[in-house]
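Residue numbers (the numbering used here), protein chains in the order written: chain A, 1 to 382; chain B, 1001 to 1393; chain C, 2001 to 2154.
Take these hints with a grain of salt, some might be off.
Computed cross-link-like contacts, EDC-like style, restricted to lysine to aspartate or glutamate with a CA-CA straight-line distance of at most 20 angstroms [claimed, not checked]:
(1) Lys4/A x Asp48/A
(2) Lys1129/B x Glu120/A
(3) Lys244/A x Asp1071/B
Reference listing, derived: stretches of chain A covered by chain B, where coverage requires no fewer than 3 residues with Cβ under 8 angstroms from a Cβ of chain B [what the hints assert, rightly or not]:
(4) 66–80
(5) 228–236
(6) 356–368
Hints listed in this document are in silico derivations from the structure and should not be mistaken for laboratory results.
The C-beta atom is built at its ideal place from N, Cα and C for all residues, glycine as well.
Listed below are the residues making up each chain.
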Amino acid sequence: MPYKVRPAVVGCAIRPAITGRDRSLEEIIYDISQAALADAGLTIEDIDGIVVGCNDQFDGRAISVMMASGPTGGVDRDILSTPSSSEHAFVLGALRVASGQFRTQLVVSWSPTEVSSMSEAQRLGADPYFHRALPLDELSAHAMQAGALNHVWPNAWVFAETVAVKNRRHAAVAWPDPSARPAPGKARWPLTDRMTTEPVTGAVAMVLAGADFVAERGFENPAWLRGMGWATEAAFLGDRDLSKAPALEEAARQAYEEAGIKDPAAAFDVVEITDATPYCELIAYDALGLCPREQIAARMAEGWFAKGGKSPVNLSGGVVTFNPVFCTGMIRIAEIAQQIRGKAGAHQVEGARLGLAHAGSGFALQYQSAVILGATPKGDAP
Amino acid sequence: MSNDRVGIIGIGQSNFRSRRDDASYPDLVREAVVPAMMDAGLDFDAIDAVVYSLSPDAMVGIGNAERLGVDAVGGRNKRFLRINTGGATGISSVTAAYYHIASGVCDVVLTAGADKVGECGDSQTVLNKIWDPTYERALPLGTINMLAMSAVRYMKRYGMTEEDMAYVAVKNRRQASLNPRAHLRKTVTIDDVMDSRCISWPIKLMDCCPQSSGGAAMVLASEKFIRDNKLDAVWITGVACRAETYWMGDRMGTNPTAEHADAYALGRSFEQSYKMAGITDPSKQVHVAELYAPFSNTEYHAIDAARLVDKFGDSIKRLRDGEFELGGRIPVNPSGGTLCTNAIAVTAMARVAETALQVWGRAGAHQVPGARVGIASGNGGDHQIFGTMVIEA
Amino acid sequence: MEQPMELLGRQEVWNIAYDHALGETASYFFTQIRDHGRIFGRRCAQSNRVLVPPRAFSDETLLPTTEWVEVGPGGRIEAFTFVYEQFNGLPPPPYAFGYVLLDGADTALGGYFRNVDLTNPREAAEKLAIGTRVVTKFAEQRKGDVLDFWFEIA
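Could you build all of it, start to finish, from the sequences and the hints given here?
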């Protein structure tokens, strides 16, 4: 293990769909931070540092971390922010605990829907030199990625439909009340409506602690960080082969190396993938080494990735169920943490001991991360 | 511990200017990255991770502009993330890069960024949006008048005058005249500053930093990598960050924890980084300081918070006595500092870079002779988020 | 000699609107100002401090605030500045604004100072010195924001 101290997730709070206007964004962040602390059985006094993942364009605030430092407990604490993505806040929090210079970190991310148009907010991310004049938002980029995959793999759309159906079925278990689930999105060709969903407001927070602190406080079921990788693609879509995810292959390589995983296909009891569209999930199966393309038909037929299968993917319902755009990546990690801690709720996998979270974000998932969390080895101190 | 430190092995900075119509935003990043890599003597293959330094997106007019910078930093298919803590972003980015290495995960990390403040039209328009839309954004708040109010309180508490503020400007402009990378390099007199037009009383034009364009980059490495490859380095021996309340009005009133005249959390951050570096008496142990001070008055509370004086407010007299200028007891901002160059995304990184160059003995005409221990700081948000470092030869 | 190459620019405007939910606490504060011309803060039971403007929680104790407390209309100046420069999107200069500790509050509230002669900033600074008593004035037509009120020397 490269880490000086092994980090673990010891507290977690996920609110993938927040409705109503009774709480301001600051108050939502306060609520989620307090909920994660309560879940860990800790108070803010136990927290040495904070990392938030927040985005100025979605939040409608310049330097959005400023507003967040109060509600997360940042006053008189060490707080940093990663506006690149929510999952990067987890990465940096984990690195800080791994350094041994912090006992604990609180990592928090959120995604409001207060902007008049998510699409317009995302279009500001197109460079003003070559691309701003185009209608390039995240959904367009995802649609182009879907087209690219269909081009090299003419049956991809069939499997994409199957993935969307699978994840929506999972949602019916995880979130039994259908009225709690948002309506399907307005798709762009070749995506179909049920492959995406309307953005919602969401928030997520986790408490990370180092092995010494875990031992000292005796947390019952910490989710240990076994491996972590993160990488980026190039900025211009024209520079990429959108049917592939080399940055995710690299992120997976880093994570598997740290975790000592040789055969990822059979390694994980539970997996969460950022299915910004089901095509993203298909690309991730391949890039993460969960299943080569030529075997996907067979695997799907036997329900390998479905509830009750060998390596169930997106039991939470995935992004196709709840899409709080900016914090979906950290939610994937938090879902795996809850599975390992045995606290996932209705979609808990009995006895899950090793899980993989894929977090992706940006245009056609420019940023790619892979996080492996595991239970305390049996009969073993961490 | 002796094989466990994090070192700085490469530094690159632009020559900062008002506008750079010859270069796109990623071009400016590249302009700093290339010399930093040359300075480190490494190929991009050696870089395990990149930490991208960028403060408000609106300042460069590109949302998540770090994505556009991926190729400029050689980041494709590498570990990459961005930091934003406002004006502190640059030092926070070096801090994040430090943890990449201190965790044991990476050996060599590049941190880089750039800003084109000159292109955003008017930085105060963007900076008004840092205030919360609920209560305060309707007021004409900006970073200048926010710190003018700090000046007014500092005057009341410690007796600072407008002329005292001018002394800082004169000192830093004189020092910037020796630094070819600085943006404002023309020396000025006390009268020039006092006669310059009033922007937000008591801050006058020459009490203000410029809006600069340019980039900065640094390469950090593990002590093991540095030793194995027999590289030259200076060392980050203390590092910390602290925030205080977002609400400026909470830094006033009855017994505030963080007084708006002072830089409370900056002091707390320095406490932590001194503790880590084993510095017990900074006024005797520190040889050079690059303290983030975008307006002349703010250099005083930064000197106080760094405990380069015995008590708050002593900085006023001691600066006038020449203790903090080149040739003085502890030169502060020998590069000319933020007051003479402010490319917001990398300004606080420039503080770290300049401190590193000083303790390395490579600062050039503004070198502090014999400097071995230096400190750097960055301030972000509405005087809210502070980063500090101790760097040693 | 080679001619310098033509360098192009492009004007881009970020024109994007947000509808920020104010939540219950700020909504009460602004409806009280709009409908009754009264200013309220929230007390943190642990620190006993009255936070103005009101916050649903204290960023120091991280506990929810528990009680509405009416403050003002009198108060004292805590900070001020006079702005003489025109900034894009901000009001035409000169203007005076700053922070006032309203009677009964523990933290200061931002607002404009009106009816101050700003011809000479040093003279104006003496008139608005920190500690000077002021009174809150309310506009006749109020819409529920912080521009519904301002401060004048008492």
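Exercise. Does the structure break any of the earlier hints, and which numbers would those be?
Worked result: none
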